[in-house]
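Let the sequences and hints guide you as you build the complete structure.
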Amino acid sequence: MIGSAHLAGVVGARLVAASGITIPHIDYTAILPELILLGGMLLLLAAAALSPRPLPTEAYATATVGLATASLVTSLVLWRDVTDRGPLTTVAHSIDVDGFALFFLVTISCILVVAPMLGAGYLRRERISGPEYYVLALISGSGAMFMASANDLVLVFLGLEILSIPLYVLAGLDHRREASGEAAMKYFVLGAFSSAIFVYGIALTYGATGSTNLAEIGAFLARNVVTSDGVLIGGLGLLLVGFAFKVAAVPFHMWTPDVYQGAPTPATGFMAAMAKAGGFAALLRVFVSTFPSLRSSWQPVVFVLAALTLLVGAVVAVVQSDVKRMLSYSSINHAGFVLLGLQAATARGVAGSLYYVFTYGLVVLGSFAVVSLVGGSGEDRHDLARFRGLGRRQPVIATAFAVLLLAQAGAPFTTGFFAKLYVVEAAAAAHSYLLAAIAMGSAAIAAFFYLRVVFLMFSDAGAAAPAGEGATARAVEAARPAGIEPAGAAGGSWVPEPSGAVATMVAPVTRSAAADARSVSSGVVALDVSGEPPVATSPWILAGLGICVAVTVVFGVWPQPLVEFAHQATLLF
Amino acid sequence: MSAPAVLAAATIPDAVTFALAAVICVVGALGVVLMRNPVHSALALVMTLFGVAVLFVEQDAQFLAAVQVIVYTGAIVVLFLFVIMLLGVDRRERVLADTFRGQRVVALVLGLMVLAEVVLLARTRWTTGAHSVAGPLDGPGSNVAKLGRSIFTTYLIPFEVTSALLVVAVVGAVVLARRPGLGEPSGEAPDEADGASPVGPGASGPGAEAADAEAADAAGAGTAESTAGAGAAAGAGAAVTR
Chain A
1 MIGSAHLAGV
11 VGARLVAASG
21 ITIPHIDYTA
31 ILPELILLGG
41 MLLLLAAAAL
51 SPRPLPTEAY
61 ATATVGLATA
71 SLVTSLVLWR
81 DVTDRGPLTT
91 VAHSIDVDGF
101 ALFFLVTISC
111 ILVVAPMLGA
121 GYLRRERISG
131 PEYYVLALIS
141 GSGAMFMASA
151 NDLVLVFLGL
161 EILSIPLYVL
171 AGLDHRREAS
181 GEAAMKYFVL
191 GAFSSAIFVY
201 GIALTYGATG
211 STNLAEIGAF
221 LARNVVTSDG
231 VLIGGLGLLL
241 VGFAFKVAAV
251 PFHMWTPDVY
261 QGAPTPATGF
271 MAAMAKAGGF
281 AALLRVFVST
291 FPSLRSSWQP
301 VVFVLAALTL
311 LVGAVVAVVQ
321 SDVKRMLSYS
331 SINHAGFVLL
341 GLQAATARGV
351 AGSLYYVFTY
361 GLVVLGSFAV
371 VSLVGGSGED
381 RHDLARFRGL
391 GRRQPVIATA
401 FAVLLLAQAG
411 APFTTGFFAK
421 LYVVEAAAAA
431 HSYLLAAIAM
441 GSAAIAAFFY
451 LRVVFLMFSD
461 AGAAAPAGEG
471 ATARAVEAAR
481 PAGIEPAGAA
491 GGSWVPEPSG
501 AVATMVAPVT
511 RSAAADARSV
521 SSGVVALDVS
531 GEPPVATSPW
541 ILAGLGICVA
551 VTVVFGVWPQ
561 PLVEFAHQAT
571 LLF
Chain B
574 MSAPAVLAAA
584 TIPDAVTFAL
594 AAVICVVGAL
604 GVVLMRNPVH
614 SALALVMTLF
624 GVAVLFVEQD
634 AQFLAAVQVI
644 VYTGAIVVLF
654 LFVIMLLGVD
664 RRERVLADTF
674 RGQRVVALVL
684 GLMVLAEVVL
694 LARTRWTTGA
704 HSVAGPLDGP
714 GSNVAKLGRS
724 IFTTYLIPFE
734 VTSALLVVAV
744 VGAVVLARRP
754 GLGEPSGEAP
764 DEADGASPVG
774 PGASGPGAEA
784 ADAEAADAAG
794 AGTAESTAGA
804 GAAAGAGAAV
814 TR
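Line by line, the protein sequences are chains A and B.
Residue numbers 1 to 573, in the numbering used here, belong to the letters of the first sequence in order.
Residue numbers 574 to 815, in the numbering used here, belong to the letters of the second sequence in order.
Since the hints were made in silico from the structure, they are not lab data.
Keep in mind that a hint or two might mislead.
Dumping the calculated SDA-like pairs for lysine to any residue here, alpha-carbon to alpha-carbon at most 20 angstroms [as the list claims (entries may be wrong)]: (1) K186(A) x A196(A); (2) K719(B) x G210(A); (3) K186(A) x A750(B).
Bear in mind the structure is a predicted one, so any value in this text is a computation, not a measurement.
Shown next, in the form of structure tokens:
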């Protein structure tokens with residue numbers, strides 16, 4: 001199907017006789033992944049509006065996973081097509097479906113497959129109903145896809161907005177917490193500001209080169225030597241600022257910790273993964289493939305940006321006591337590593353960045369999912385102390401978290417190791433030894449705070465103390481309102497069951513039993529410590545975490561296919 | 574193109590139109606600053622914006638002129654008026670008092686800097702791209718026709734993708750504007766939400782202990798089920814309790 005459309009004409013255009021306008025040929029198969037997400041999103045909205053009874057959140061999650069899987073499969077089919085026949089360009093050269101774009105399409109689809117699994121349980125627990133989370137995630141994903149395959153600055157901008165606006169709303173999804181609204185407001189205002197800067201950059205670039213099409217700009221710059229290039233460099237600088245804001249590079253990172261902390265935790269994970277995927281896709285394409293001739297101008301700037309991002313992210317993360325804040329600074333640190341590949345501006349560097357973005361996306365989704373589980377309902381307990389002894393209470397979750405943290409630290413046998421290795425190697429190969437050294441140093445600093453959490457989870461020292469006073473703690477806890485979970489109790493695990501979950505679990509029981517449970521669920525529900533996981537996990541989140549951990553470990557032990565994929569993607573640029 | 578050349582190229586009707594529009598613009602702008610009533614200021618702004626629209630027509634930028642009227646005078650000034658009305662028209666503002674210390678000086682300096690920049694930019698020749706934006710566009714057809722053409726050819730996909738942006742705007746506005754508890758459609762049955770208040774009184778005493786254990790058993794049974802099953806069960810349970 002895709003093949004025939006491809007043969008029908010890559011740049012084909014047909015004439016509409018009546019109007020005299022040549023409408024560009026649209027190769028629908030080439031933009032099928034985006035169309036699946038957008039169309040599916042509209043269907044989801046319609047289903048939610050038309051269904052006589054409110055659908056459970058899991059129904060929407062299932063639909064979203066299905067849509068994302070469909071778009072993943074389409075992307076992979078397109079990938080096979082592109083490797084066989086070369087890259088496609090369609091709709092008046094506005095969209096490029098090449099290896100680079102398809103790598104990101106696959107990455108984005110993977111994020112969209114996992115994110116609903118990790119979010120469903122949280123949404124049920126926090127009683128955020130309706131399809132909004134999924135609908136916004138799907139639109140956001142389609143925006144990121146447009147950014148990845150855009151061959152026109154105008155489309156890059158639209159993709160950026162379609163990616164960002166749902167993220168602003170996702171940050172404010174939880175009406176009950178003030179921090180959530182504050183995060184949304186902050187993100188929106190600063191995001192709108194950075195978008196304006198980005199548009200200004202597009203305007204200046206257009207003024208300097210006479211086109212918004214990336215290929216045409218590249219051709220113009222290849223043909224001409226711009227002697228007085230103030231406008232062009234100004235435009236380039238503003239574009240870089242706009243991107244740097246989206247991917248949270250220092251010094252444009254100010255919003256990140258507050259927004260990541262305030263947003264609902266699964267939304268934070270999604271935000272970190274998706275904004276980085278979309279932002280870096282367009283950043284790499286615009287700078288490496290369109291402005292290679294101006295490399296001497298932008299490489300030093302990216303050097304400084306990368307160095308600052310690496311160092312500030314790592315150093316500030318060390319002093320955080322809130323896990324969400326720590327992870328948000330660590331996400332800044334990771335952005336620095338991806339910038340390393342951009343700074344190298346070689347095929348190797350770009351391949352390293354691609355690999356990094358893919359692996360980081362799944363790792364950060366999984367990490368924030370664990371944080372959302374441990375944080376408990378109401379989301380006000382994210383300090384590090386809560387992770388003490390988690391390995392004992394929640395061996396499975398703790399192990400998964402440990403793997404994900406080790407991957408972020410860059411431990412061997414995880415994808416994080418190879419990701420860091422490739423970008424640092426690319427930087428060294430491009431003779432950016434200083435930057436490579438800074439990256440190694442920041443990785444060492446970062447390893448400290450990741451390993452601290454791992455040690456906390458598996459240390460017994462903290463867990464032993466509350467064990468002795470279990471009875472007292474029990475009495476004290478019982479008097480507390482639900483929603484306050486004691487830290488690290490080994491003698492008795494106390495879990496405020498999310499009321500929704502309790503109601504779910506007792507649903508098949510008779511009416512009176514349900515009434516009993518309801519009266520209980522307003523208090524604290526205690527579970528025995530017979531190794532039963534006290535934190536309300538669901539098969540959904542376990543499956544999602546399983547995928548994240550499996551990808552991290554499998555591609556960490558056997559990285560060849562993914563490396564090949566990233567390498568091929570840069571060849572088919 | 575330098576300023577004298579532009580003036581020399583202008584015909585007499587052009588010059589008269591320009592002069593009239595310029596007077597309208599400047600008078601309107603003065604009105605915005607000097608009027609005591611904020612509503613009058615907003616209306617004076619309309620005058621300025623209309624004057625600018627005339628200037629656009631004078632420059633053969635018909636589309637810009639139309640957009641200027643539709644967007645700025647039509648939408649943005651109305652928005653201003655809404656805000657003024659919502660805040661209260663009669664509220665006295667002490668216009669002459671500095672809200673921020675030294676803001677006048679800063680405003681003056683910044684204004685002069687912008688003016689200097691504009692003069693500088695007008696006199697400098699930048700080496701720019703292939704197309705000139707100062708002269709008339711290539712090829713036959715009016716400005717508007719050309720814009721239409723490029724929207725449906727070169728910028729077809731951005732034009733179409735804008736629709737996704739509009740969907741985002743609608744969904745986002747609904748999500749953020751909807752307050753919880755105001756008849757919001759809920760995935761759960763409403764009674765379920767009532768029963769399970771997160772800030773209920775703590776269950777204490779031996780009776781509560783027993784109930785705790787019971788609930789724990791029930792919870793254990795619940796986790797054993799698959800999620801899809803649990804989801805369906807939630808619906809069934811809701812139906813029963815209803």
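Against the structure, the hints come out as follows:
1. Only pairs whose Cα atoms come within 20 angstroms are accepted, and K186(A) paired with A196(A) is accepted, the gap being roughly 16 angstroms.
2. Taken as a hint, the K719(B) and G210(A) pair is honoured in the structure, with Cα atoms around 16 angstroms apart against an allowance of 20 angstroms.
3. Between K186(A) and A750(B) the alpha-carbon distance is near 17 angstroms, which keeps this suggested pair within the 20 angstroms criterion.
The structure fails none of the hints (numbered hints given earlier).
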